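S.K.: Listed in order, the protein sequences are those of chains F and C. The numbering of the first sequence is the working numbering, which starts it at 11 and goes up by one. The numbering of the second sequence is the working numbering, which starts it at 1042 and goes up by one.
Treat the hints as calculated values from the structure; they're not laboratory data. Computed from a prediction, not measured in an experiment: that's the story for all the values here. It cannot be assumed that every hint is accurate.
To be verified - 20 Å max Cα-Cα, derived PhoX-like pairs, lysine-lysine: (1) 1061/C <-> 1107/C; (2) 1061/C <-> 1105/C; (3) 1061/C <-> 1096/C; (4) 110/F <-> 1105/C; (5) 1096/C <-> 110/F; (6) 1082/C <-> 52/F; (7) 1055/C <-> 1096/C.
What the hints assert, rightly or not - Here are a few chain F residues that face chain C, going by a calculated C-beta distance under 8 Å: (8) 41; (9) 59; (10) 63; (11) 98; (12) 116.
Note that the Cβ used here is the ideal one computed from N, Cα and C, for glycine as well.
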Amino acid sequence: QKEVEQNSGPLSVPEGAIASLNCTYSDRGSQSFFWYRQYSGKSPELIMFIYSNGDKEDGRFTAQLNKASQYVSLLIRDSQPSDSATYLCAVTAIYNQGGKLIFGQGTELSVKP
Amino acid sequence: GAVVSQHPSWVICKSGTSVKIECRSLDFQATTMFWYRQFPKQSLMLMATSNEGSKATYEQGVEKDKFLINHASLTLSTLTVTSAHPEDSSFYICSAPLGRQINSPLHFGNGTRLTVT
Chain F
11 QKEVEQNSGP
21 LSVPEGAIAS
31 LNCTYSDRGS
41 QSFFWYRQYS
51 GKSPELIMFI
61 YSNGDKEDGR
71 FTAQLNKASQ
81 YVSLLIRDSQ
91 PSDSATYLCA
101 VTAIYNQGGK
111 LIFGQGTELS
121 VKP
Chain C
1042 GAVVSQHPSW
1052 VICKSGTSVK
1062 IECRSLDFQA
1072 TTMFWYRQFP
1082 KQSLMLMATS
1092 NEGSKATYEQ
1102 GVEKDKFLIN
1112 HASLTLSTLT
1122 VTSAHPEDSS
1132 FYICSAPLGR
1142 QINSPLHFGN
1152 GTRLTVT
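Please build the complete structure, drawing on both the sequences and the hints.
M.R.: So, in structure tokens, the structure goes:
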């Protein structure tokens, strides 16, 4: 079992719709969870981070965390074509291990005009 | 603006030569930096943790003698790919935590695309 799993997609949504991206992780000791966006040929950029169970909203983005289910998600409201990218879920290694992050394989999102 | 600067952004080298990649934290100190590698259509794989003033910690399967890491100051870490081979061609990305807390998000440099011919 991979440490961090995501559906590779591609996930295709129409412009203006809600895009839902999901991620599961294997280590119950993980404490911090991050979503990064990566455009083709570019390095990842931080979108959201969440540490506690529940929802965290920032503009059009909402991160949701359920530690009991070892599940974290990212919702993108009013999706725009510029949101088309690969979204990477990242989790801190168990017991933090100096803050290093373990990444999922990423979900490719395509927002159609 | 960018908080982590990486240079060069791309490099082409011949097989058997060495390539040095620099990673700098801008306007903040980073006692720890992380080096990742990404092959096409794959996710980021952590290669090593760079520790200021001490030896780097390498992930399992990463050759420490091939990928030399030096973290000589609080704002600079370098990765040297020694005796590069075509299979080392990849996208190398450094990152640093912006805050002092152990859960601080990582910010990434722009990456270095290495092509070994």
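S.K.: Each hint needs a verdict: does it hold in this structure or not?
M.R.: Consistency of the hints with the structure:
A threshold of 20 Å between alpha carbons decides the hint, and for residue 1061/C with residue 1107/C the separation of about 12 Å falls inside it, so the pair holds. Distance hint between residue 1061/C and residue 1105/C is fulfilled; the C-alpha atoms sit about 14 Å from each other, no more than 20 Å. This hinted pair checks out: residue 1061/C and residue 1096/C have alpha carbons roughly 17 Å apart, not beyond 20 Å. For the proposed pair residue 110/F and residue 1105/C, the alpha carbon gap of about 18 Å is at most 20 Å, so the pair holds.
Our distance criterion of 20 Å between C-alpha atoms is met by residue 1096/C and residue 110/F, whose separation comes to about 16 Å. Pair hint residue 1082/C plus residue 52/F holds up; C-alpha atoms about 12 Å apart against a cutoff of 20 Å. For the hint linking residue 1055/C to residue 1096/C, the alpha-carbon distance of about 28 Å lies beyond 20 Å, and the restraint is violated. For residue 41/F, the suggested interface contact is upheld, since its CB lies about 6 Å from the closest CB of chain C, less than 8 Å.
This hint holds: residue 59/F has a C-beta 5 Å from the nearest C-beta of chain C, less than the 8 Å allowed. Residue-level restraint check for residue 63/F is violated (minimum Cβ-Cβ distance to chain C is 15 Å; threshold 8 Å). At about 7 Å, the closest approach between the beta carbon of residue 98/F and any beta carbon in chain C falls short of 8 Å, and the interface hint on this residue holds. For the restraint placing residue 116/F at the interface with chain C, the shortest Cβ-Cβ distance is roughly 5 Å, inside the 8 Å limit, so the hint holds.
When the structure is compared with the earlier hints, violations turn up for hints 7, 10 and for no others.
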